[in-house]
Amino acid sequence: MEILPFLMFLFLFGFILLGLPVAFSLTLVAAGAGYILFQDMFLMQLYRQVVKVSSDFILASIPLFILMGAILERAGIAMRLFNAFQTLTARLPGGVGVASLAMCGVFAAATGVVGAVEIVVGIMAIPAMQKLKYNNSLIAGTVCAGGSLGTIIPPSVIAIVYAALAQMSVGQLFAAAMFPGLIMLGLFILYIMIYSYFQSSSSKNTDAQKTDTVHKTTWELIKIVSVGLLPATFLIITVLGSLLAGIASPTEAAAVGVGGAFLLMFAYGEFSIKKLIDALDTTIRITAMIMLIVVAGTMFTGIFIVAGGASMVRELVSFMGDETWQVILVMLVIVFIIGFVMDWISIVLICVPIFMPIVRSFGIDPIWFAVMMMVVIQTSYLTPPMAPSIFYLKSIAPKDMTYGQMCRGVIPFVIIQFIVLIIVAAFPLVATWLPGQLSAKF
Amino acid sequence: DQIKWRMPAAVPEGSFFYENFMVRFSKNVELLTGGRLEIQPFGAGVVVPAFEIYSAVEDGIIEAGHSTPTFLINRDPVNAIFAGFPGGMAPETKVHWIYEGGGLEMLQDYRLKNMGLKSLVVGIGTTEVFAHSHSAIQEAENLKGLRYRTAGPWAEILGNYFDGAPTVVPPGEIFTLLQRRGVDAVEWATPGSNLSEGFHEIAEYLAVPGVHQPTFLWEVVVKEDTWNKLPNELKPLVEAAAKLTTMESLVHFGHSDILSMDQYANTNKVVELSPELIEQVRSAGRDWINTKISDNSTGSETAAILESYLEYQDRWARNSFYLLHD
Amino acid sequence: MKIFIRFANLLSISLGWIARPVLIALVISMLYEVFVRFFLNAPTKWAFDISYMLNGSIFILGAGYALYHNDHVKIDFLSTKIPSKIKCYIDIVLYGLMLSPVIAGLSWVAIQRAIRAFERGEVEAVSPWAPLMWPFYSIIAIGLLVLFIQCIAVVARCYLDINKSKDTLQE
Ligand code: NA
Ligand code: NA
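Protein chains in written order, with our numbering: chain H, 17 to 458; chain A, 23 to 348; chain E, 6 to 176.
Hints may be right or wrong, so weigh each one.
[Said to hold, decoys possible] Not close to chain E: a few residues of chain A, all C-beta gaps over 10 Å, as computed:
no.	residue
1	Glu-74
2	Asn-96
3	Glu-178
4	Thr-189
5	Val-191
6	His-274
7	Glu-294
8	Glu-298
[To be verified] Here chain E is said to cover these stretches of chain H; the calculated rule only asks that three of the stretch's residues, wherever they fall, bring their Cβ under 8 Å from a Cβ of chain E:
no.	segment
9	163 to 171
10	384 to 392
Since the hints were made in silico from the structure, they are not lab data.
For every residue, glycine included, the Cβ atom is placed at its ideal position computed from N, Cα and C.
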């Protein structure tokens with residue numbers, strides 16, 4: 017029976033390599049293994065996972081954020097926004113890349129759903145970066161890595177699920193992830209600037225030289241910035257403001273964002289039925305694609321655990337040493353390796369229940385450990401072959417951007433995530449200071 | 023030869039409830055049956071969704087499941103009597119009614135007759151926290167217009183009897199919405215298990231006792247056939263494991279509640295509901311359950327269950343003054 | 006064969022069209038809830054259930070539509086190197102012999118579930134609103150069924166492609 021979890025991965029990669037869509041590959045493997053485990057009941061078991069994911073309220077922020085991005089793009093507001101950001105950051109090396117990451121940081125603070133940030137920023141950022149002749153790998157890496165911020169900068173669905181499984185406070189975990197998330201954002205930005213500065217050929221020039229900003233008068237520049245930034249500021253105020261003011265929950269804030277985008281479309285005289293229908297159409301197709309992967313992934317994980325996948329991981333952990341640092345290292349390495357082939361929800365569902373007793377028995381600070389885990393889980397979002405970030409990117413990427421470019425593009429950002437991990441490991445206060453401040457004040 | 027039951031829970035693996043009920047039960051079964059029956063527990067959502075445990079056992083997808091009759095109240099209100107409802111029995115009374123006052127037999131008969139399931143009570147809880155809130159809740163007037171995250175019968179009673187504003191919030195968003203004051207109050211579970219939810223870190227007030235959910239009950243359900251196939255000598259052992267688990271988990275709840283109340287007292291403003299409000303919730307709750315049962319009457323059987331329950335509660339209230347409380 | 010493909014495409018496209026107003030309804034129901042809860046202190050009983058049902062509907066109605074557009078994410082760096090005719094045979098096996106039966110089975114279970122929910126008048130388990138579940142279950146069943154039909158259409162298209170290349174060879 018223990019062979020089944022391995023076989024599941026073998027067949028999964030087989031189907032994926034044959035060119036079958038990821039969602040269908042996961043479904044087929046879940047069905048095959050499900051038949052072995054549940055006999056003629058397997059379809060009923062799988063059907064219930066379809067219902068479960070379809071009934072998940074929090075996932076409603078996926079179509080909503082996509083729709084917001086699509087409306088902004090159709091109405092040309094995204095372009096204006098990028099012109100403005102470009103103008104502001106033009107004199108920095110890698111200006112638009114910096115601007116994209118800053119946007120990711122902002123939207124990451126507004127939503128906790130994996131994928132939402134990546135898509136909403138990606139729809140706006142990719143055309144802008146392509147126009148400025150950024151290479152496809154850098155574009156892909158920037159958008160994927162920026163998207164991964166959505167899951168570490170609070171609010172974050174990963175933190176919520178993790179806290180539920182580890183019996184920890186969600187609030188403490190949110191607070192703990194705040195500084196590491198911001199450090200990660202800062203390092204991403206730093207990387208883009210350094211890379212663009214040192215890269216030979218054309219990109220040695222700043223974006224300012226590539227665009228015509230240098231030839232414009234100050235007055236014209238102010239106009240571009242204010243016209244472009246105004247709608248963005250308005251949207252950020254509506255989404256973040258409604259969230260921070262307690263008007264809307266994180267999911268509802270996405271709907272408020274759609275409302276805001278819709279108003280902007282009118283305000284800028286860009287409204288037309290055709291544009292609206294186009295935006296709706298794009299949203300439905302991308303939503304269907306993402307949700308189908310979520311459904312199929314849920315089917316796969318359930319079957320994988322019943323097949324003994326969890327006990328497989330438990331056995332792996334038992335190989336570890338006796339020193340505390342060895343134990344921590346082994347657990348994080350396991351998570352990193354599993355991250356290549358599974359998505360975050362599977363990792364959390366499988367590993368957290370196994371790790372928590374170990375963490376407690378070794379007297380490791382659970383909050384510190386949780387933050388390190390979350391950083392490593394971040395890498396799973398980027399590491400191929402099962403890289404949700406790349407799947408989401410493919411759904412919005414131009415045809416000339418290849419899978420290979422995407423895989424290459426994320427590597428430097430995975431390395432940066434490791435640097436963040438080392439920082440948190442070496443200076444636990446980065447994670448534990450803010451939660452400590454949280455108690456006793458209201 | 024070992025028998026194996028896959029048994030999903032309606033709560034996440036590793037959670038307070040999971041450890042206290044599921045893990046404990048599977049260990050007790052192993053202990054008492056000498057390993058002849060193995061319970062393989064799964065966290066919520068792994069095999070079947072949390073709210074679908076009953077129907078998944080009915081359909082035969084899994085051999086057994088652990089859930090609470092609370093999730094069946096919309097399907098059949100008689101489940102509110104077993105699950106507990108606003109103003110219903112306190113934990114002490116409930117344990118006595120279940121094991122000595124005929125409650126267990128009524129539950130088992132009802133499950134068998136209506137759903138074809140063998141029921142084992144595995145878990146009776148202590149009183150929940152009435153609310154973690156941004157304002158003090160003591161009187162009925164404090165509930166007026168209060169945006170209060172809750173579910174089930176209390177949501178209905180809060181809206182209909184107290185002019186409150188019951189708010190539906192998915193579990194993943196409760197914390198954020200309370201933190202941002204999108205809701206004024208939330209109820210979740212017991213003092214001991216709420217500690218890890220962190221609500222007390224973002225809301226200053228803690229209102230007790232939870233007259234809206236004075237106790238709760240969880241059960242393990244097994245399809246009739248599956249149960250009958252169990253060797254006869256194992257059946258009483260599994261029943262004993264269930265009862266042992268209920269008793270052990272109840273005192274574990276109580277123990278951690280008492281410890282956690284000290285902690286809340288240090289960091290929060292703990293307020294007690296006024297005796298008037300408690301009385302008002304009691305009578306509203308009774309009114310609600312009487313209406314539900316007579317509206318949805320599936321015969322004299324449900325009426326008899328309610329009568330037994332209410333009589334027992336009254337008898338306990340009448341006589342329990344003899345019992346010393348510390 | 007061509008008529009069947011056209012029929013399948015028409016079905017998928019219609020569901021894609023139906024999903025558009027559903028998406029608008031999702032936005033409106035959430036905004037309405039935000040408005041009445043914050044400004045009128047009167048949250049609805051229904052917005053939560055309606056919202057998740059609308060979201061689930063959008064996804065399931067769009068599943069076949071996305072397949073029709075060949076949107077579903079795949080890793081094609083290897084499969085594009087396979088000769089197109091062999092790729093067609095592979096797809097016929099994958100979609101026709103493996104995936105279609107599974108999706109058909111899921112559709113069958115979904116239809117049964119919708120019928121049972123209708124007959125028993127099943128309501129949502131924990132919602133204070135307690136909506137009837139059969140309309141939502143029916144949408145899931147319809148979405149899965151159309152996804153199945155679109156899978157068959159993929160197979161049919163592969164079959165036509167193979168025959169077309171045979172014709173070209175004969176010419
Ligand atoms: Na976030
Ligand atoms: Na990965």
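- Against the structure, test the hints numbered earlier, and report the numbers of the ones violated in rising order. Hints 1, 2, 3, 4, 5, 9 and 10 not satisfied by this model.
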